[in-house]
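From these two lone chains plus the hints, build me the complex, please.
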Amino acid sequence: DTAVSQTPKYLVTQMGNDKSIKCEQNLGHDTMYWYKQDSKKFLKIMFSYNNKELIINETVPNRFSPKSPDKAHLNLHINSLELGDSAVYFCASSQGGTVTEAFFGQGTRLTVV
Amino acid sequence: DQQVKQNSPSLSVQEGRISILNCDYTNSMFDYFLWYKKYPAEGPTFLISISSIKDKNEDGRFTVFLNKSAKHLSLHIVPSQPGDSAVYFCAASDPGTYKYIFGTGTRLKVLA
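Top to bottom, those sequences are chains A and B.
Quick note: the first sequence uses this note's numbering, first residue 135, plus one each step.
Quick note: the second sequence uses this note's numbering, first residue 165, plus one each step.
What the hints contain is simulated information worked out from the structure, not anything from laboratory work.
Virtual Cβ for every residue (Gly too), placed ideally from N, Cα, C.
Please note that the accuracy of each hint is not assured.
Pair ranges (Cβ atoms, derived) [unchecked claim]:
1) Gln167(B) <-> Leu188(A): 19 to 29 angstroms
2) Lys273(B) <-> Lys178(A): 18 to 28 angstroms
3) Leu188(A) <-> Val242(B): 36 to 46 angstroms
4) Val247(A) <-> Arg181(B): 36 to 46 angstroms
Okay, chain B solo, but in the shape it has when bound (with noise of 0.2 angstroms):
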């Protein structure tokens, strides 16, 4: 039962367009919402959250769209860099249980 879904296993990207990564959710119980990047061989990074009483976070190129009655939210990149190839997980907590739900992943590829 997968609480934290992101359909699109990959994304290819010009380099200076947007990339929008999507992730839905089930569990309306949720309140904070994350986004990570991962390099091979190395730990998740942290990118940008989102608390459940905002709509939109945003940190230089990155924003994070939430859309609590579609559960829904997204991360835009503008513009994207070919730095910024790598695999971005979403994840979400549910307040007082101690844990982060991932999502599967979506490999972005920036093409120079």
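Extracted from the complex, chain A is given alone in its bound form (with noise of 0.2 angstroms):
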């Protein structure tokens, strides 16, 4: 049984399009993370939820929209996708924030072109 589950696994689109990515974590966690991984494997926040509350927006284009239907899922949008944006993307959840573990999905490879 999956904690930490996104879909996609893959995706890819032309550029211009919208696209979204959906998670979802069954640990009963009360934060929720979206990270990127670039090309040069840096792992960077983008948005962190803490009880479906927006806490951080990393100074990510406004053409990313997170949005939090329930404490369990988190979903990100991307609207006008650009080729800057292919990248590996990934959610996590944690209990409490930062003061324990987060658990990770297993990644979405978003590919524009």
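Okay, here's the thing in structure tokens:
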């Protein structure tokens, strides 16, 4: 039973399209995150949500819009996709913010062509 | 501005020997440190953590050491096994900021 699951695992799309990545966690955690791993393999925070409220928006273009319908879900919608958006996107969750470890999903490899 | 650094991009170790992975940080406010292992096409998997009030934490073959004065932590794997071959990330958290800051990773290869 997967703790943090993301769909889809792979996403290939054309520039200018709009796409969404879904994330669900069944750990009962109250904090969820989106991280981006770029071509240099850096893992960078994009967003943090705590109890469905946006806590961190780390200078991400407003084409990226996270949505948390409930504590178990954090989806990422991306408008007007650009070539530079190609990366692996990871969802994660933790309990009580960053005072405990985070559990990561398997990642979504987004390729914009 | 990289607040968490892993200066060795790769490391090769013989099976059965000790692997030592290093990590340096710049922010003295960090109070919780973690190590993650990552296989290709998978998400990072939590390995071990340490609070800033401790200087050592051990879990089986994995031990993390923290030297706060040097702003340095290390992960020791003893004995190393081929299945340990992966990319290892260290991470740090700043209390109340709701984000983990990751290093750039070290690729460990354990040779059989």
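Verification of the supplied hints:
The beta-carbon spacing between Gln167(B) and Leu188(A), approximately 22 angstroms, falls within the hinted interval of 19 to 29 angstroms. The hinted range of 18 to 28 angstroms is satisfied by Lys273(B) and Lys178(A), whose Cβ atoms lie roughly 25 angstroms apart. Against the hinted window of 36 to 46 angstroms, the Cβ-Cβ separation of Leu188(A) and Val242(B) comes to about 42 angstroms, which satisfies the hint. Checked against the hint of 36 to 46 angstroms, the C-beta distance between Val247(A) and Arg181(B) comes to roughly 44 angstroms, which is consistent with it.
Of the numbered hints stated above, none is contradicted by the structure.
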